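Based on the provided sequences and hints, a complete structural model is requested.
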Amino acid sequence: MAFYLSFLMAALVGGMIAIASNPAPYFAAFGLVVVAGVGCGILVSYGGSFLSLILFLIYLGGMLVVFAYSAALAAEPFPEAWGDRVVFWRVMVYGLVVIVAAGFLLTGDTGLLMSVDAFKEFSVIRADVSGVAMMYSSGGKMLVICAWVLLLTLFVVLEVTRGLSYGVLRAI
Amino acid sequence: MTPTHFSLNAAFMLGLAGLTFHRVHLLSALLCLEGMMLSLFISMALWTLKTESMSLSTAPMLLLAFSACEASAGLALLVATARTHGSDHMKNLNLLQC
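Line by line, the protein sequences are chains A and B. According to my numbering, the residues represented by the first sequence are 1 to 172, in order. According to my numbering, the residues represented by the second sequence are 173 to 270, in order.
Simulated from the structure, these hints should not be mistaken for lab results. Treat the numbers as computed from the prediction; the structure is a model and nothing was measured. Please note that the accuracy of each hint is not assured.
[Claimed, not checked] Derived CB-CB ranges, DEER-like:
no. : chain 1 : residue 1 : chain 2 : residue 2 : range
1   : A       : Gly61     : B       : Asn266    : 31 to 39 Å
2   : B       : His177    : A       : Leu53     : 21 to 29 Å
3   : A       : Val144    : B       : Leu188    : 30 to 38 Å
4   : A       : Phe78     : B       : Leu267    : 31 to 39 Å
5   : A       : Ala102    : B       : Thr256    : 21 to 29 Å
6   : B       : Ser259    : A       : Met1      : 22 to 30 Å
7   : A       : Phe7      : B       : Trp219    : 31 to 39 Å
8   : B       : Phe238    : A       : Phe7      : 46 to 54 Å
9   : B       : Gly258    : A       : Leu53     : 46 to 54 Å
10  : A       : Trp89     : B       : Ser225    : 19 to 27 Å
11  : A       : Val86     : B       : Thr256    : 24 to 32 Å
12  : A       : Gly61     : B       : Leu188    : 23 to 31 Å
13  : A       : Leu53     : B       : Leu267    : 42 to 50 Å
14  : A       : Val156    : B       : Ser225    : 29 to 37 Å
[Stated by the list, open to error] Residues of chain A clear of chain B, computed beta-carbon distances all greater than 12 Å:
no. : residue
15  : Ala29
16  : Trp82
17  : Val124
Glycine included, C-beta positions come from ideal geometry on N, C-alpha and C.
Below is the structure:
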């Protein structure tokens with residue numbers, strides 16, 4: 001379990017290095033898919049099954065699909081690849097900085113590299129499911145604010161992409 | 173610092189470094205911003221699970237909704253920029269300044 005979680009965290013940092021030093025947006029989108037999948041594994045291993053499901057369904061299933069379409073929209077004919085010298089040195093610098101920081105900052109304390117699994121004894125329900133359900137009772141005001149923010153963002157997006165008459169940017 | 177703390181902090185710092193230094197494509201900047209939001213989501217979820225305070229589970233849910241707002245607004249700007257200037261290079265936004 002400790003080795004498995006250490007591998008997942010190393011894959012998380014490796015995926016973020018790929019995002020931060022991407023040669024083209026395709027590779028950044030694929031790196032983000034890797035990081036999100038590995039993040040689901042970390043959350044499941046620590047006992048957060050519902051939050052991992054939400055991350056997998058809504059984040060990977062919804063938002064990264066939109067990013068993949070936008071990467072297809074903004075595609076350039078001759079993108080850089082991983083073998084180019086600038087991209088190679090960028091990966092090396094990021095990886096070296098992470099390794100040196102790990103050498104200085106990581107102590108012998110391994111923390112909780114095992115399943116926390118809240119509500120351990122005398123409970124048949126999951127902690128994160130019960131906590132997210134509280135969003136509809138105690139956290140109802142925050143839920144209403146969140147729904148309002150999403151609705152406002154919808155109108156912002158429609159206004160920004162409205163074309164041919166006028167908009168925020170001069171669109172076609 | 174435990175491996176969990178270090179990997180999540182490193183993920184956030186790498187996303188921030190990619191956002192600040194890697195400014196060729198607008199879509200690359202948006203994806204680094206998404207990486208930052210993803211590391212914050214995992215951090216808040218693990219914080220909830222490790223402290224066993226279940227009422228804080230709503231915080232990563234709300235953060236995910238705000239991340240969706242940020243992603244959709246950024247992609248709307250990307251679509252408008254790509255339709256106006258033909259590509260999503262960040263240098264296009266400086267072309268007409270005095």
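Which numbered conditions among the earlier hints are violated in the structure presented, ordered from lowest to highest? Violated hints (numbers, rising): 4, 5, 6, 7, 8, 9, 10 and 15; every other hint is consistent with the structure.
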